[in-house]
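A.B. asks: So the protein lines, in turn, are chains A and B.
Quick note: the first sequence uses this note's numbering, first residue 3, plus one each step.
Quick note: the second sequence uses this note's numbering, first residue -9, plus one each step.
Just so you know, these hints were derived from the structure itself, not from any lab.
For glycine and all other residues, C-beta sits at the position ideal for the given N, C-alpha and C.
Each hint should be verified, as a subset may be incorrect.
Simulated restraints, written as ranges between beta carbons of each label pair [said to hold, decoys possible]:
id	chain 1	residue 1	chain 2	residue 2	range
1	B	M(-9)	A	G201	51 to 57 Å
2	B	E264	A	Y276	56 to 62 Å
3	A	E86	B	K215	47 to 53 Å
4	A	K4	B	Y188	44 to 50 Å
5	B	P140	A	G266	55 to 61 Å
6	A	K4	B	D69	46 to 52 Å
7	B	G171	A	I153	37 to 43 Å
On the chain A side, residues computed to face chain B include the following (Cβ under 10 Å) [said to hold, decoys possible]:
id	residue
8	P14
9	N105
10	D231
Listed below are the residues making up each chain.
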Amino acid sequence: MKKEILFSMESPYRDTFRIRGYRFGEGEKSLAIVGSMRGDEIQQLYICSQLVKQLKELEDKGMLIPDHEILIIPSANPFSMNLEKRFWAMDSTDINRMFPGYNLGETTQRIAAGLFEAIKDYSYGIQMASYYMPGNFIPHVRMLETGYEDIDTAKLFGMPYICRRKPLPFDTTLLNYNWQIWETKAFSIYGGQNNEVEGKESTSTINTILHFMQRIGLIDKSIRAHCADYNSVLLDESELISVNAPTAGIFYKKKDAGDEVKKGTPLGQILDPYEGVVKSKIFAPEDGVVFFAHNKSLALQNTPLFKIHKF
Amino acid sequence: MIKTIVSTALPIDERFMIKKNVISHGTGKKRICIVTGTHGDELEGQFICWKLQRNILDNLEQLDGTVEVYPALNPMGIDSITRGVPNFDIDMNRIFPGNPNGSMVEQTAHAIIEDLKGADMVIDIHSSNIFLREVPQVRININDSDTLVPWAKHLNVNFVWVHEAATVLESTLAHSLNSTGTKTLVVELGVGMRINHYYGKNMVNGLLNLMYEMGMWKQSVDKEKIITPLLSIADEVSFVNATHSGIFSTETHNDQIVEKGQLLGQIISPLTGEVIEDVLSPTHGYLFTIRAYPVCYEGSLLARIHNL
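Using the sequences plus the hints, can you model the full thing?
C.D. replies: The structure is reproduced here in structure tokens:
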């Protein structure tokens, strides 16, 4: 394992901003993994840290396949993590909306440029991502439809779903989009949540990534990585049925991401925040599985609480 | 007449509302919309909305058409000194044209577009952010320049910046409206979280002048007082970014011609007493942007200069 600083920048008042990378093996630039880019992506950081630990052990045991290099960047934004702010604290910009970056531009454009320079020449790229709305997901691989997306390779993760969506103009500055344009096979992994490290989801995602590394020939096939291996369902995000809050109030959730539901199954209730009575009951519109579930206790009117994948 | 164009329930005993004031007079069918408050930290538009309406209401007989004033497209943001939309951590000017089936904020964006569509002119007023001080200017996508530049010249601004098209800007309110045939001019002036009365009064004169040119304001504005703007067409702007982090200290004001090599300011270290960097103008030109917020990181924008 080689530990190095990929990008650094002096701050006016804080310690130096550093993006650290961990390299394993030598040879062809095969896989880069980027953990947290936002300050609340703790699970993403945790997963990368566990991968660093495991790859170090595997390298010490000689179980990495020769002539390949793997780069792991647990966090590209330690400054925001230490402040518990999602975005770059000074100007609320999002590093993940700054790609491919610009090394003579604004601060977060420079960070993105420094990061992209370090990761752009790899054959495969994995980003541990998060969603802009608070919620729980079925673990899945997400990719933007650029014409370069590689669904067959995405299936090698063995995750339950591969979710593809058409990029909006706003999305052309995402890492996933730019990685693809620069001919890296890019995958965003949604492990479930942002802030929790305990539980089966993190372990499962770690093993899923190790599994993927085995299948693309980066680590020894004899390594046992326990995780379910699904024949992934490919879905277009536009196929998901959105179940929106008919009214606002306290949201009492009865079903969560991953639950199978029948048409008419109660999904949750909206309660009057002062009087406790039920204002609205929310039912499944179709037979299917809950792909996304809002995970905050307050609900705004007309805002998606669930997204259902219809059987 | 006050109209509510969006009303959505918030969880606890409150509604999220976007309001406009509609002032009509005469038989004219022309309609101009003044929108602002998309970013909650930009306040110059608030004074302009007030001052414009005072002028119109005090001289209502001069109006022949409809003026619609939308002071707050992001009311929760303005109320909480938040640039984006507070509940969504999202920049409202990156989600247009919105989505009638999306989240609350996407539905709001859709409703705003539907309400503005078909106006003869929309003026989208911004006031930079807390970091940068701007001379009054209109910004126009190069693809819209033939249609919009002639109108921008009536607005009494110092500068018209015709910039290159960028894919990411296709999600703005102005792009969404211009691409569907509703003429929209983006105005930038002043600095975030502050109101400059001088700029505001000039802009109100510009708006009345524009309305006169549109045939919906009868009284001609004194043309001697209307500024002829400097026009900058794509790629004529030099950006000055900090090469070091520190405190940007400057006595330089924007709205002036600077020479190549002229000192614009310094980046200083309050800890060591050193001057970390002399910030020099890279070109001879018109300084239209200067940094207002002293703390800067490597890469922070310090100035923008139109090359002469």
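A.B. asks: Look at each hint and say if it fits the structure.
C.D. replies: Outcome of the hint check:
| no. | hint | result |
| --- | --- | --- |
| 1 | M(-9)/B x G201/A: 51 to 57 Å | holds, 55 Å |
| 2 | E264/B x Y276/A: 56 to 62 Å | holds, 59 Å |
| 3 | E86/A x K215/B: 47 to 53 Å | holds, 51 Å |
| 4 | K4/A x Y188/B: 44 to 50 Å | violated, 59 Å |
| 5 | P140/B x G266/A: 55 to 61 Å | holds, 59 Å |
| 6 | K4/A x D69/B: 46 to 52 Å | holds, 50 Å |
| 7 | G171/B x I153/A: 37 to 43 Å | holds, 38 Å |
| 8 | P14 | holds, 5 Å |
| 9 | N105 | holds, 9 Å |
| 10 | D231 | violated, 34 Å |
In summary, the structure is inconsistent with hints 4, 10 from the numbered list given earlier, while agreeing with the others.
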